[in-house]
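Colleague: Take a look at the letters that make up each chain.
Number of protein chains: 2
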Amino acid sequence: VVKGIGDDCAIVEVERYRQLVMSMDTLVAGRHFPDSALPSQIATRSFCTCLSDLAAMGASPQWFTLALTLPEANREWVSEFSDALFAIAGEFECDLIGGDTTQGPLTITLQVHGFVEKEKALTRDAAQAGDLVLVSGPLGDGKAALEFLLNQDSFPMLDSSQLAYLVERFYRPEPQIEIGRRLLNCANAAIDLSDGLLADVQHIADASKVDVEIDLDEIPLSDACLSVAGGNRQAIHYALSGGDDYHLAFTVSPHRLSMIKDLIKETQSSRETLAKLSVIGRVVATSSGSPSVRCFEKGNLISMSDQKGYQHFAS
Amino acid sequence: VVKGIGDDCAIVEVERYRQLVMSMDTLVAGRHFPDSALPSQIATRSFCTCLSDLAAMGASPQWFTLALTLPEANREWVSEFSDALFAIAGEFECDLIGGDTTQGPLTITLQVHGFVEKEKALTRDAAQAGDLVLVSGPLGDGKAALEFLLNQDSFPMLDSSQLAYLVERFYRPEPQIEIGRRLLNCANAAIDLSDGLLADVQHIADASKVDVEIDLDEIPLSDACLSVAGGNRQAIHYALSGGDDYHLAFTVSPHRLSMIKDLIKETQSSRETLAKLSVIGRVVATSSGSPSVRCFEKGNLISMSDQKGYQHFAS
Numbered sequence: 004v005v006k007g008i009g010d011d012c013a014i015v016e017v018e019r020y021r022q023l024v025m026s027m028d029t030l031v032a033g034r035h036f037p038d039s040a041l042p043s044q045i046a047t048r049s050f051c052t053c054l055s056d057l058a059a060m061g062a063s064p065q066w067f068t069l070a071l072t073l074p075e076a077n078r079e080w081v082s083e084f085s086d087a088l089f090a091i092a093g094e095f096e097c098d099l100i101g102g103d104t105t106q107g108p109l110t111i112t113l114q115v116h117g118f119v120e121k122e123k124a125l126t127r128d129a130a131q132a133g134d135l136v137l138v139s140g141p142l143g144d145g146k147a148a149l150e151f152l153l154n155q156d157s158f159p160m161l162d163s164s165q166l167a168y169l170v171e172r173f174y175r176p177e178p179q180i181e182i183g184r185r186l187l188n189c190a191n192a193a194i195d196l197s198d199g200l201l202a203d204v205q206h207i208a209d210a211s212k213v214d215v216e217i218d219l220d221e222i223p224l225s226d227a228c229l230s231v232a233g234g235n236r237q238a239i240h241y242a243l244s245g246g247d248d249y250h251l252a253f254t255v256s257p258h259r260l261s262m263i264k265d266l267i268k269e270t271q272s273s274r275e276t277l278a279k280l281s282v283i284g285r286v287v288a289t290s291s292g293s294p295s296v297r298c299f300e301k302g303n304l305i306s307m308s309d310q311k312g313y314q315h316f317a318s
Numbered sequence: 004v005v006k007g008i009g010d011d012c013a014i015v016e017v018e019r020y021r022q023l024v025m026s027m028d029t030l031v032a033g034r035h036f037p038d039s040a041l042p043s044q045i046a047t048r049s050f051c052t053c054l055s056d057l058a059a060m061g062a063s064p065q066w067f068t069l070a071l072t073l074p075e076a077n078r079e080w081v082s083e084f085s086d087a088l089f090a091i092a093g094e095f096e097c098d099l100i101g102g103d104t105t106q107g108p109l110t111i112t113l114q115v116h117g118f119v120e121k122e123k124a125l126t127r128d129a130a131q132a133g134d135l136v137l138v139s140g141p142l143g144d145g146k147a148a149l150e151f152l153l154n155q156d157s158f159p160m161l162d163s164s165q166l167a168y169l170v171e172r173f174y175r176p177e178p179q180i181e182i183g184r185r186l187l188n189c190a191n192a193a194i195d196l197s198d199g200l201l202a203d204v205q206h207i208a209d210a211s212k213v214d215v216e217i218d219l220d221e222i223p224l225s226d227a228c229l230s231v232a233g234g235n236r237q238a239i240h241y242a243l244s245g246g247d248d249y250h251l252a253f254t255v256s257p258h259r260l261s262m263i264k265d266l267i268k269e270t271q272s273s274r275e276t277l278a279k280l281s282v283i284g285r286v287v288a289t290s291s292g293s294p295s296v297r298c299f300e301k302g303n304l305i306s307m308s309d310q311k312g313y314q315h316f317a318s
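Quick mapping for you: the protein sequence lines, in order, are chains A and B. So the first sequence is numbered by our numbering: it starts at 4 and just counts up by one. So the second sequence is numbered by our numbering: it starts at 4 and just counts up by one.
You may find that some hints are simply not true.
Since the list gives no way to pick out one identical chain from another, each pair is judged satisfied if it fits inside one copy or across any two copies.
Said to hold, decoys possible - Keeping only pairs whose Cα atoms sit at most 20 Å apart, straight-line, the calculated EDC-like set for lysine to aspartate or glutamate is: (1) K121 to E18; (2) K121 to E16; (3) K123 to E18; (4) K6 to E18; (5) K301 to D156; (6) K264 to E221; (7) K6 to E181; (8) K301 to D220; (9) K6 to E120; (10) K123 to D226; (11) K121 to E181; (12) K6 to E216; (13) K6 to E171; (14) K279 to E171.
If you are wondering where the hints come from, they were derived from the structure by calculation, not from laboratory data. Bear in mind that the values here come from a model prediction, so they are computed numbers and not experimental data.
Using the sequences and the accompanying hints, generate a full structural model.
Modeller: Structure follows, in structure tokens:
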């Protein structure tokens, strides 16, 4: 950083063998978090969900900018928000270098910036027929957390550790930065799971012009998600279309399975305790002009439109 | 641009001898533009005001990102907004490379990115005692335009060309990119005038640890501004504290006056028809620990707190 906050612009330098990777995300009160969310929760959720996009490219975080729109100048609110933001940004060694503060309905826009070695970034368009499809951790938690936060009295069966787990998954989802970095030399395509597995894997299929087959039985699910969903079927449904999970989905050549196995072993003791790689499917050559994602249960193809509970994926 | 819209992040390359310059700005409906503003007007105002920060650093625009929060998916609105945005961005050869679209109260956040030769950027902290202070064009128009837009029936004395001029100054202020670039090898400090001359020049004074003296008689004013203000005194008041002018204020060593005179001659026939450089003051060594901005009228020091009409600058 040549110049951070305090002038008309921030100035930064990019080293010769690196490329700059950027992503911008907006969170609107009452839409991307409940109006009851604490300033510190809003800060960590905003930062972590935005950083997740850098993880999906295999990029190392460097700096971020913040546009904060607030209904009123509430010093206490701003102080809580800032403390939490600087704390979480510090964990990822990511510096605030600029932004804007305005008055209006509560809205947070962040832009995160990272570096990646030239031409090494993980993208959506590089999946190859024959690749395995993996995810970096349990899916469906984002949706389960939201269900819980919106109807807290409806889930008396959750124990306190499950409650804490879900609240944390919503307000401090772990950006899979370390996994992303390690995938740089072994994965083909990658994406972060913000819209739900089906929609996000479809992005890989479309960009790479391949079909993807998912084994529903292999999707990792947490106990908390299973509890909120009230069973396996609904939990799978959360995973497929709930969104907000911020794990990575990626594809690797089976030749690299040993690298991946080592990585799986390492992640089990990693700092990112939620990261636990699972193989959930494979990439196949597309049989038509329109790449598709197909799901299997115990080896049988599931028709998304016919299957009760999956119907809203038909459109 | 290695990768633009369509993946988790945008990827760009920065050449070896260049630095990356960035600025982020938010515009909130009803606050930074009237609720009655057309989508095309909102687009050009958002883009031009944000780009003005790059001008103040002497940077050349490269790319921008857009976070657009909209109350509803209104195809016609989005189409008008996008057409105008791509048109104005095209004029400055600045490409959209990413962003986010969300639902919520109408808010636009832009981040603009530009290049500048290493260590050449214009900053606020490089003014030297002895420097002349210049501005790139008439001041007070931003405030005059706002007065007119909020009370259109109160100004029957304005002719149609003055109306058109003021509306354009508000919705399509000219980012002084070309002037900024030319100042790289001759100006010391620079800033863009978004908060009003007094506040912005105070930023230069604070950052450079110098005092600044302004000759109020030398501040350039447009006929339209004088008409809306109802006279010279109020027009000066608009210039000093109205804000939203998006001209540059900068300081140069008197040894470079001949370079500046050439530049003044050129700007009179330049594409940026509103750019007309004027010397309005000078930088002096600060006499105390707290750098200040002093104003003179016909050579007499004006006391901002005593002077009727300037009183609200006292605080």
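Colleague: With reference to the structure, classify each hint as holding or not holding.
Modeller: We went through each hint and held it up to the structure:
1. For a Cα distance limit of 20 Å, the shortest separation of K121 from E18 qualifies both inside one copy, at 10 Å, and across copies, at 12 Å.
2. When the C-alpha separation of K121 and E16 is checked against a cutoff of 20 Å, the pair qualifies both within a copy, at 15 Å, and between copies, at 9 Å.
3. Proximity of K123 to E18 under the C-alpha cut-off of 20 Å is found in both arrangements, the shortest distances being 15 Å within a copy and 18 Å between copies.
4. In the homo-oligomer, the alpha carbons of K6 and E18 lie at most 20 Å apart both inside one protomer (16 Å) and across protomers (18 Å), since each shortest distance falls under that limit.
5. In this assembly of identical chains, K301 and D156 lie within 20 Å of each other by CA distance neither inside one copy nor across copies; the values are 35 Å within and 74 Å between.
6. For a Cα distance limit of 20 Å, the shortest separation of K264 from E221 inside one copy, 16 Å, qualifies, whereas the shortest one across copies, 73 Å, does not.
7. When the C-alpha separation of K6 and E181 is checked against a cutoff of 20 Å, the pair qualifies neither within a copy, at 28 Å, nor between copies, at 22 Å.
8. Taking identical chains as interchangeable, the C-alpha atoms of K301 and D220 lie at most 20 Å apart only when both belong to the same chain, with a minimum of 7 Å there against 84 Å between chains.
9. Only between protomers do K6 and E120 lie at most 20 Å apart by alpha-carbon distance; the minimum there is 14 Å, versus 23 Å within a single protomer.
10. When the C-alpha separation of K123 and D226 is checked against a cutoff of 20 Å, the pair qualifies neither within a copy, at 36 Å, nor between copies, at 57 Å.
11. Taking identical chains as interchangeable, the C-alpha atoms of K121 and E181 lie at most 20 Å apart only when both belong to the same chain, with a minimum of 18 Å there against 32 Å between chains.
12. With identical chains, the CA atoms of K6 and E216 are never at most 20 Å apart, being 48 Å at best within one copy and 27 Å at best between copies.
13. Proximity of K6 and E171 under a CA criterion of 20 Å is satisfied in neither setting, with 34 Å inside one chain copy and 33 Å between copies.
14. When the C-alpha separation of K279 and E171 is checked against a cutoff of 20 Å, the pair qualifies only within one copy, where the shortest distance is 17 Å, while the shortest distance between copies is 57 Å.
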